[in-house]
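Chains as they are written, first to last, in the working numbering: chain A, 1 to 445; chain B, 1 to 92.
These aren't lab readings, by the way, just hints derived from the structure by calculation. Quick reminder that beta carbons are idealized off the backbone N, C-alpha and C, glycines included. Any given hint could be a false lead.
Derived CB-CB ranges, DEER-like [unchecked claim]:
#1 Gly9(B) x Ala108(A): 35 to 43 Å
#2 Arg33(B) x Arg283(A): 19 to 27 Å
#3 Gln433(A) x Glu17(B): 18 to 26 Å
#4 Ala4(B) x Glu219(A): 32 to 40 Å
#5 Tyr386(A) x Glu27(B): 26 to 34 Å
These stretches of chain A come out as covered by chain B in the derived footprint (C-beta under 8 Å, 3 or more residues) [to be verified]:
#6 187–193
#7 346–354
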Amino acid sequence: MQVNRSSLSLDQAPPISVPFRFFLTAPVFGLLAALLLLIYGPEALSTRWAPATLALTHLITLGFLGLIMCGAMMQMLPVLAGSPVPSVEWVTAVVHLLLSIGVLALAAGFLLGANALLHLALAALGGGFLVFIAAVAIALKRIQAPNATINGMRLAVLALFITVMLGLTVGAGFSGMISLGLLIPLTDVHLGWGLLGWVGLLVISVAYQVVPMFQLTPEYPARLTRLLAWALFGALMIWAPLYLAWGSGGLPRLAPDVWMLAPAAAYGLFAGVTLWLQQNRRRRVSDITLLFWRTGMVAIAVCLLIWLWGLIPAEAYRPAWPLLLGVWLLFGMAVSVVNGMLYKIVPFLAWFHLQSRQVALMSMGKVKVPNMKELIPDRLAQRQLYAHLATLILLTLAVFWPGFLARIAGLSLGVSCILLLLNMLQATRRYRQVNQELSEFAASR
Amino acid sequence: MEHALDVSGLEPPEPMERILEALGTLEKGDYLRIMHRREPYLIYPMFENMGFAWHTRPGGPAGYEIFVWRQNDEAACAEIPPSRWSQPRKQK
Numbered sequence: 001m002q003v004n005r006s007s008l009s010l011d012q013a014p015p016i017s018v019p020f021r022f023f024l025t026a027p028v029f030g031l032l033a034a035l036l037l038l039i040y041g042p043e044a045l046s047t048r049w050a051p052a053t054l055a056l057t058h059l060i061t062l063g064f065l066g067l068i069m070c071g072a073m074m075q076m077l078p079v080l081a082g083s084p085v086p087s088v089e090w091v092t093a094v095v096h097l098l099l100s101i102g103v104l105a106l107a108a109g110f111l112l113g114a115n116a117l118l119h120l121a122l123a124a125l126g127g128g129f130l131v132f133i134a135a136v137a138i139a140l141k142r143i144q145a146p147n148a149t150i151n152g153m154r155l156a157v158l159a160l161f162i163t164v165m166l167g168l169t170v171g172a173g174f175s176g177m178i179s180l181g182l183l184i185p186l187t188d189v190h191l192g193w194g195l196l197g198w199v200g201l202l203v204i205s206v207a208y209q210v211v212p213m214f215q216l217t218p219e220y221p222a223r224l225t226r227l228l229a230w231a232l233f234g235a236l237m238i239w240a241p242l243y244l245a246w247g248s249g250g251l252p253r254l255a256p257d258v259w260m261l262a263p264a265a266a267y268g269l270f271a272g273v274t275l276w277l278q279q280n281r282r283r284r285v286s287d288i289t290l291l292f293w294r295t296g297m298v299a300i301a302v303c304l305l306i307w308l309w310g311l312i313p314a315e316a317y318r319p320a321w322p323l324l325l326g327v328w329l330l331f332g333m334a335v336s337v338v339n340g341m342l343y344k345i346v347p348f349l350a351w352f353h354l355q356s357r358q359v360a361l362m363s364m365g366k367v368k369v370p371n372m373k374e375l376i377p378d379r380l381a382q383r384q385l386y387a388h389l390a391t392l393i394l395l396t397l398a399v400f401w402p403g404f405l406a407r408i409a410g411l412s413l414g415v416s417c418i419l420l421l422l423n424m425l426q427a428t429r430r431y432r433q434v435n436q437e438l439s440e441f442a443a444s445r
Numbered sequence: 001m002e003h004a005l006d007v008s009g010l011e012p013p014e015p016m017e018r019i020l021e022a023l024g025t026l027e028k029g030d031y032l033r034i035m036h037r038r039e040p041y042l043i044y045p046m047f048e049n050m051g052f053a054w055h056t057r058p059g060g061p062a063g064y065e066i067f068v069w070r071q072n073d074e075a076a077c078a079e080i081p082p083s084r085w086s087q088p089r090k091q092k
């Protein structure tokens, strides 16, 4: 009998400070985005090219989504695949610091029109992401028998690399570092790879594990999990040159738009299957993360409708169209899913680290480890869900009536981010308390 | 003697809670057969800390089977059935 005894290092899971550092910083960037919307008001929702809009978008994509996704990935690789990220504490310190500096410098650089700050941002973000990608790529490469989740994650990380390279190029062009033609189509390709590549592929591959695991649904159909990520990645590989060819006048706009029907349909299929699986879950209790996920999946359907609306030539040139698509892609789909996952990941990790320590100390019955619901009570998570939904509705309306509603939407986003931060701090505080009790127990023996 | 535990329909962290609970009831010569839908990497270090050995193999009704017994309990180890789902491994 081949016994796996001692074949694994005891520190299989990274220290809790690794993911929590990212999870606790992300709501602060969300709060900065809210402050920006409060201060700049309608200007931030007038056109997607306004400096305040660019700053706001990147505070959400890099500061909120990017940090949580990086932290979660470093945590998930050892849990889901038994493959820890090498030198995880060092990588965490470097990535967290560089990304945080980079996001702040980028937002400030956009707002102040200061090229020096933009250059600092490009260096910090480029460095931070490259360290992250290299470390995660090593862990992903070591996995012997990759499943659909791991294959999806590999493609997502590749999409992140493409997004970062495009972002650095566009940033260098925008800040006058290099002279660059096709700035606008390159920006669209950058955000296509970022949202439909990195964010979308990571959401899909993580869904294959966490939707059946936490929501007790049937498994995703095997054929879907085998093909979807590859199909999406391939579709983006073809869409990007088609789009750039349109940008340089070589092709009619119809070519990339018709091609985009393929990834759009694939995302629609994923959202439809996920909603169907959730409808057929075994334990029919309502759950906050489930509601966040459902919001995200419905948002994908709304994005498809908004995108189809944009195919009407006269509509696509209205400034409201890309803003509306941005609101639903970012806040509707990405923020909903990522925010919702925190309500599973954070209490689970706090519980797990306390439980592990209790097992190591043999302190069962002496120190009570709180369960997940005690770490973040449902009513607190629910309150934040309502604030998030209110923000989504207010942002949608503010796209059409920015003068009246932009600042109210900013206020709502601020409330949602403060509640999220308080909920994360609540779990952290409870973790520290019980960890202290365990330390006292260890000292008293 | 075999103690069977199916945790495939449970939401985390219940599988881990049930497994740790079940390990407390194992007598000499007993092993725990866990049916799980995925490989529970996080619990292995706990097995080690608690003085248990384990063997994981893909297959079974849930996707994975994990056998756990007390370290140095040769009798329990010898009782573990050969795999019905994957190529049988040579016994130690």
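- [ ] Just pull the numbers of the violated hints for me, sorted ascending.
- [x] Structure breaks hints 1, 4, 5, 6.
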